[in-house]
Amino acid sequence: MIQEPRLVEVRKNVLKRNDVLARALRERFREAGVLAVSLVSSPGSGKTAFLEKTLTLLHSRYRVAALVGDLATENDAARLARSQAPVKQIITGTVCHLEATMVQNALEGWDLRSLDFLFIENVGNLVCPSSYDLGEDLRLVLLSVTEGEDKPLKYPTIFNSADVAVITKSDLATAVEFDEAAARRNILAVRPAMQVFKLSAKTGDGMTEYLEFLESRRIRSRAVAEIGK
Amino acid sequence: MHELSIAMSIIDLAREEAESRGAPGVDVVHLKLGPLSGVVKEALLFSYEIACQLTPLEGSTLLIEEAPIIVNCPTCQEPRHVQSVQSLCCAECGTPTPEILQGRELVVTALELRQ
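Keeping their order, the protein sequence lines are chains F and L. Just so we're aligned: the first sequence equals residues 1 to 229 in my numbering. Just so we're aligned: the second sequence equals residues 230 to 344 in my numbering.
If we strip away everything but chain L, and leave its shape as in the complex, we get:
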């Protein structure tokens, strides 16, 4: 359970970005989350609410976009989805595919700043 420390990092990051842009606060934090990031969405949302308390982000929303795993399939020679996180095989042709193009993301993509 390291989601609380991740939530605090998100808050720090959002706070710094808002300050550098002269915004008085943040309404929404947009986060892209991959299944291989090692972070659980529900635990992060729960932690975020607690971690926001008594910070300038209190009352803000964390909006999580779940990014699916995408691999470079050596057979199809194309970016493909996988069967599941337990089976990193091309969803189209079934080839095991170690080359991951997307799925490890833990990225703040955008902020909705208060004016």
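Extracted from the complex, chain F is given alone in its bound form:
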């Protein structure tokens, strides 16, 4: 006799394992008083140049470090090491995004309490990283002026998963006839009230405002951790 299948309610998040790890990482960052900032964008939007500039400018006043994800090569880690900050490359092989477990493994042997800022550069990809929480306090999505103002409309999910948008390569804006108003309009359409910075890692234009924002976020998250103790 064939019995009717039994319907059971489950209600479980498919990415629960990743989410549990990400929550644990977030808690570790909080306890250690380090602000974890991740970067997502398409390949070639200037993540590494932007991060190198960020590390170099923060290095004199803060203890900074970075993890950088790529499918292959350690080129980015070598570039970022020029900033004098500790940098570790995460090679993902064929995986198109970082997951919380990769971050956790990469942090092995690092004393987070010796850091003020930890940057995590994701694999260049505007699709897959949006599904994975890495435990970061702040996710930046980068959009370079050479990419086209409608990127947010084409990839709304990644913009929605991020906290802050950064328009990069602003020094090229005129040459490529970048329509800044349209870009900002599109960012706000997919992520209302999103904070937007526009800067150039090459000329340094706009970097001060962005760094001040990072510093204020660090102070704020430390204050929250202090009250939570």
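Some hints here could point you the wrong way.
What follows is a list of derived Cβ distance ranges for each label pair [as the list claims (entries may be wrong)]:
| hint | chain 1 | residue 1 | chain 2 | residue 2 | range |
| --- | --- | --- | --- | --- | --- |
| 1 | L | P253 | F | H59 | 32 to 42 Å |
| 2 | L | F275 | F | D163 | 26 to 36 Å |
| 3 | F | A78 | L | T290 | 47 to 57 Å |
| 4 | F | E209 | L | P303 | 35 to 45 Å |
| 5 | L | T284 | F | T203 | 50 to 60 Å |
| 6 | F | D205 | L | V257 | 52 to 62 Å |
| 7 | L | C305 | F | N13 | 24 to 34 Å |
| 8 | L | L233 | F | R23 | 18 to 28 Å |
| 9 | L | P308 | F | E180 | 30 to 40 Å |
| 10 | L | V257 | F | R63 | 24 to 34 Å |
Chain L is faced by these chain F residues, among others (derived, beta-carbon under 8 Å) [to be verified]:
| hint | residue |
| --- | --- |
| 11 | E9 |
| 12 | R11 |
| 13 | V20 |
| 14 | A24 |
| 15 | A189 |
| 16 | Q195 |
| 17 | V196 |
| 18 | F213 |
DSSO-like, lysine-lysine: derived pairs with alpha carbons at most 30 Å apart [as the list claims (entries may be wrong)]:
| hint | chain 1 | residue 1 | chain 2 | residue 2 |
| --- | --- | --- | --- | --- |
| 19 | F | K229 | F | K154 |
| 20 | L | K261 | F | K16 |
| 21 | F | K88 | L | K261 |
| 22 | F | K154 | F | K16 |
| 23 | F | K16 | F | K229 |
| 24 | L | K270 | F | K16 |
| 25 | L | K270 | F | K202 |
| 26 | L | K270 | F | K88 |
| 27 | F | K154 | F | K202 |
| 28 | F | K88 | F | K12 |
| 29 | L | K270 | F | K12 |
Calculated from the structure, these hints are not laboratory results. Note that CB positions come from ideal geometry on N, CA and C, so glycine has one too.
Mind docking chain L on chain F? Use the hints.
Relative to the frame of chain F, chain L by itself:
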């Protein structure tokens, strides 16, 4: 394209649930999928079939319920649908609405277990 790894996670989850309930197999996996989950339905269905091969879930069906984006509209003070994923504005009054109540789901909601 990370749907294959998502499909494998779904299979693992369903398998563990079935085992813990002493069921010999799973006929149907019910999944709730939000447009902001970052997962594409068609790609997931395609990957699921491949990922099921040579597992206890081979031959099972993945039934996807698409959950629309719902936001808390600050003007209407009510949960509302949005105009589109490209325009997160209240579908009723047009106010831009950053507070998302639903739309990021990637949740196994139920299983139909073989007896």
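Cross-check of the supplied hints:
no.: 1; hint: L:P253 / F:H59: 32 to 42 Å; in the structure: violated (60 Å)
no.: 2; hint: L:F275 / F:D163: 26 to 36 Å; in the structure: holds (32 Å)
no.: 3; hint: F:A78 / L:T290: 47 to 57 Å; in the structure: holds (49 Å)
no.: 4; hint: F:E209 / L:P303: 35 to 45 Å; in the structure: violated (27 Å)
no.: 5; hint: L:T284 / F:T203: 50 to 60 Å; in the structure: holds (55 Å)
no.: 6; hint: F:D205 / L:V257: 52 to 62 Å; in the structure: holds (56 Å)
no.: 7; hint: L:C305 / F:N13: 24 to 34 Å; in the structure: holds (29 Å)
no.: 8; hint: L:L233 / F:R23: 18 to 28 Å; in the structure: holds (25 Å)
no.: 9; hint: L:P308 / F:E180: 30 to 40 Å; in the structure: holds (34 Å)
no.: 10; hint: L:V257 / F:R63: 24 to 34 Å; in the structure: violated (52 Å)
no.: 11; hint: E9; in the structure: holds (5 Å)
no.: 12; hint: R11; in the structure: holds (6 Å)
no.: 13; hint: V20; in the structure: violated (13 Å)
no.: 14; hint: A24; in the structure: violated (18 Å)
no.: 15; hint: A189; in the structure: holds (5 Å)
no.: 16; hint: Q195; in the structure: violated (11 Å)
no.: 17; hint: V196; in the structure: violated (14 Å)
no.: 18; hint: F213; in the structure: violated (18 Å)
no.: 19; hint: F:K229 / F:K154; in the structure: violated (42 Å)
no.: 20; hint: L:K261 / F:K16; in the structure: holds (14 Å)
no.: 21; hint: F:K88 / L:K261; in the structure: violated (37 Å)
no.: 22; hint: F:K154 / F:K16; in the structure: holds (27 Å)
no.: 23; hint: F:K16 / F:K229; in the structure: holds (27 Å)
no.: 24; hint: L:K270 / F:K16; in the structure: holds (19 Å)
no.: 25; hint: L:K270 / F:K202; in the structure: violated (40 Å)
no.: 26; hint: L:K270 / F:K88; in the structure: violated (35 Å)
no.: 27; hint: F:K154 / F:K202; in the structure: holds (27 Å)
no.: 28; hint: F:K88 / F:K12; in the structure: violated (33 Å)
no.: 29; hint: L:K270 / F:K12; in the structure: holds (18 Å)
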